[in-house]
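Enquirer: Listed below are the residues making up each chain.
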Amino acid sequence: MYTPVHCNANEEVGSDEMKRNSLVSLMGPVLLALAWLAVNQFPAATAQGPKESDRQTLVLNRAPVRVIRDQYSSFNGITMDEERREVYIADDNHSKILVYDAEFPPTDRVIEPRRQIAGPQTHLGYICTLAISPEDQEIFTVDNDWKDNMTVFPIDAKGNVAPLRELNVDHGAWGIFLDRKHNELFITIEHAHKISVYSKKAQGKEEPARFIQGPETGLADPHGIYVDPESNEIFVTNHGHWRKTEVGDKGVIVSFRRPTPSDSIKEFPASTGKFLPPSITVYARDAQGDAKPLRTISGPATRMNLPLGIYEVSGSRLLAVANAGDSSILFFDRSASGNTAPVRVIQGPATGIEGPSGVYVDSKRNELWVTNWNSHTATIYPSNASGNVAPKRVLRSAPKGAPVTGFGNPGGIVYDAKRDEMLVPN
Amino acid sequence: MSHPRISAFAGRANGNAKPVRVIEGQSTRFARTTHDLALDTIHDEIVAPNSFAEAILFFRGGASGEEKPIRIIQGPDTLLRNPDNVAVDAVHNEVFVASREGAVFVYPREANGNVAPIRILQGPQTKIRQANRVAIDSENDLMFVTTRFGSVLTFPRAAQGDTAPTAVISGPKTLLSDEHAPYRVAVYPEGKRIFVGVGGSHPLSGAVGGFVAVWKYGDNGDVPPWALIPSTPLTGLNHPFGGVALNPKAKEIMVLENSQPPGLLVFRVPELF
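Sequences listed follow chains E and P, in order. Residue numbers for the first sequence follow my numbering, beginning at 428 and rising by one. Residue numbers for the second sequence follow my numbering, beginning at 379 and rising by one.
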């Protein structure tokens with residue numbers, strides 16, 4: 428019978444076999460307790476088998492000697508209910524929706540949220556962006572990884588509460604925008620280079636009412652999305668990592684819902700991947716299928732560098748873009764096309780902008796909010812700010828200067844012995 | 379989730395640590411869904427896949443900031459399809475990519491641009507089907523492949539075509555399954571051991587309690603792990619999807635824990651080295 432051998436100590440001993448035998452004799456009560464744990468946790472391992480399978484597994488139930496983890500909230504996407512005077516921020520590090528007062532005096536101190544939505548009942552995961560419906564008093568968010576869902580909560584929800592409704596979405600959702608005029612939700616899908624459009628009340632396994640996807644769309648690792656219901660146009664930021672997708676492709680990286688592939692000898696198709704420059708692609712609001720963009724803002728003059736959130740500057744023709752790659756906010760005219768320079772830029776050491784994810788312009792208070800993923804902060808400026816301007820106020824989730832680990836959903840690790848460094852990709 | 383990057387942490391970093399350097403920005407051509415990295419210790423290079431643009435990126439070992447890759451494998455002849463992992467054999471100058479389409483592609487390490495694989499391992503005899511990760515032991519001339527369906531396969535390093543594995547670790551006693559799928563695999567050639575990060579608590583699979591399992595070279599069939607770091611409150615493991623890396627000199631293993639908030643856990647395990 429398979430019996431796990433447990434070891435909690437870090438002692439150095441002689442040969443492997445000596446060490447394991449000594450552990451068996453010395454750890455009676457602990458062994459019994461942990462054997463119960465192992466047998467109950469891994470019941471299949473108790474099955475009978477030939478000699479090799481009778482091996483006693485050395486179970487190392489011990490605490491790590493070091494743990495790198497960011498204990499503070501990371502600020503990702505942002506939205507606001509201007510009438511309620513509330514700001515909603517997605518924390519992808521701790522799977523929380525944080526709700527703050529939109530008005531607060533300048534301070535260097537950490538500001539506690541008014542309330543937060545968090546816990547296993549919420550089904551929140553690696554959430555990226557948010558939308559609200561003031562009419563229905565609801566808040567929406569999408570998960571970028573693992574949970575593949577959109578969750579909807581009452582706008583005043585608090586704590587570990589179940590969502591009002593939940594919608595299955597394709598793997599890799601990032602941006603969400605609610606078109607309040609037409610009661611439609613627009614969601615970008617990174618992995619499938621796609622924009623899915625749902626009714627505002629969509630839930631369960633409901634399919635999108637329509638979607639934009641295909642080789643002609645120019646969608647390439649899409650992220651932020653803004654829909655102008657007056658001009659009937661959709662604006663999408665793209666990182667430019669492209670492969671050919673067919674209409675209906677759900678993103679082949681997703682294995683969990685895929686059928687088992689055939690193991691027969693096969694011919695592999697030609698690879699289609701390539702790098703496009705980062706861009707903002709613009710579509711008709713009712714576009715669907717393999718629709719060409721109406722126009723594309725792209726090129727070195729645009730200064731785009733991993734653009735993320737995008738939002739209107741109310742009372743103007745401008746769109747603000749969180750330019751994560753060079754820690755700036757870019758402003759483009761909505762009718763811009765091609766290799767066009769931004770109308771204005773907020774950037775520089777005084778701004779406090781560090782890896783911006785989200786932007787929101789509060790038309791009631793004429794303020795521009797920027798969520799900074801690399802500094803545990805949201806920084807607030809006059810909505811007409813430009814250049815290397817200091818923020819009016821800073822909202823902090825961590826003490827000033829607290830280190831940022833910068834984990835997204837880390838996917839791998841290697842150890843560089845030459846530099847004594849651990850390398851982790853997001 | 380929004381910021382593609384490679385973060386380098388000091389070997390003794392702990393707590394709310396800041397990386398000592400970060401490779402990020404548009405020019406790096408680095409994207410999200412990078413589920414693996416490889417380190418070429420002979421030529422001092424970092425190798426990373428880009429799943430969305432179907433590319434393999436090579437950086438200087440000391441790269442930092444918005445630094446461009448020094449080489450890129452990409453193009454129609456590469457046959458790459460959503461590559462999210464990579465391994466490098468610096469001794470034999472080869473780069474390996476495990477494919478979810480059920481294959482392992484091999485390229486010259488110094489390849490640049492639109493280069494066809496020099497070998498492809500694929501077919502019903504291989505038992506690969508949906509491959510998760512690949513690792514190479516150039517010292518012992520072995521290749522290890524983990525699969526989505528709960529197996530760890532051993533091949534000769536230069537295996538190609540429809541070649542059967544020399545060992546298959548799979549079955550209920552291995553603790554591997556569809557729900558507890560093996561992901562990143564790291565090898566310790568000196569001690570001839572295989573370290574595997576085994577996923578758990580994926581909301582779509584319903585499984586709980588991922589762990590780190592260690593087997594010996596030559597283990598074959600329905601064999602329990604030789605050693606195991608279990609999912610318990612003490613270890614803090616739940617879903618070590620990001621896998622493991624080894625520091626034999628310090629007798630430590632590094633494990634990425636992908637529950638939220640995600641963390642990098644370092645265990646001192648002299649018994650395993």
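For the record, the hints were derived by calculation from the structure and aren't laboratory data. Check before you lean on any hint, since a few could be wrong.
Stated by the list, open to error - Here's a subset of chain E near chain P, in silico, CB distances under 10 Å, partners left out:
#1 488
#2 495
#3 519
#4 521
#5 667
#6 699
#7 770
Claimed, not checked - Derived DSS-like pairs: lysine-lysine, alpha-carbon spacing no greater than 25 Å straight-line:
#8 P:629 to P:396
#9 E:693 to P:505
#10 P:570 to P:627
#11 P:396 to E:701
#12 P:570 to P:629
#13 E:671 to P:505
#14 E:819 to E:791
#15 E:671 to E:628
#16 E:791 to E:608
#17 E:827 to P:396
#18 E:719 to E:701
#19 E:627 to E:585
#20 P:570 to P:594
#21 E:628 to E:693
#22 P:570 to P:505
#23 P:570 to E:845
#24 E:845 to P:505
#25 P:627 to P:396
#26 P:629 to E:845
#27 E:845 to P:446
#28 E:845 to P:627
Small disclaimer: the values here were computed from a predicted structure and weren't measured. Backbone N, C-alpha and C fix where the C-beta goes; we use that ideal spot for every residue, glycine too.
Enquirer: Hint by hint, note whether the structure agrees.
Expert: Now for the hints, and whether the structure bears them out:
| no. | hint | result |
| --- | --- | --- |
| 1 | 488 | holds (5 Å) |
| 2 | 495 | holds (4 Å) |
| 3 | 519 | holds (5 Å) |
| 4 | 521 | holds (5 Å) |
| 5 | 667 | holds (7 Å) |
| 6 | 699 | holds (7 Å) |
| 7 | 770 | violated (21 Å) |
| 8 | P:629 to P:396 | holds (24 Å) |
| 9 | E:693 to P:505 | holds (14 Å) |
| 10 | P:570 to P:627 | holds (15 Å) |
| 11 | P:396 to E:701 | violated (32 Å) |
| 12 | P:570 to P:629 | holds (15 Å) |
| 13 | E:671 to P:505 | violated (29 Å) |
| 14 | E:819 to E:791 | holds (16 Å) |
| 15 | E:671 to E:628 | violated (31 Å) |
| 16 | E:791 to E:608 | holds (19 Å) |
| 17 | E:827 to P:396 | holds (14 Å) |
| 18 | E:719 to E:701 | holds (18 Å) |
| 19 | E:627 to E:585 | holds (22 Å) |
| 20 | P:570 to P:594 | holds (6 Å) |
| 21 | E:628 to E:693 | violated (43 Å) |
| 22 | P:570 to P:505 | holds (23 Å) |
| 23 | P:570 to E:845 | holds (22 Å) |
| 24 | E:845 to P:505 | violated (36 Å) |
| 25 | P:627 to P:396 | holds (24 Å) |
| 26 | P:629 to E:845 | holds (16 Å) |
| 27 | E:845 to P:446 | holds (22 Å) |
| 28 | E:845 to P:627 | holds (12 Å) |
Of the numbered hints listed earlier, those contradicted by the structure are 7, 11, 13, 15, 21 and 24.
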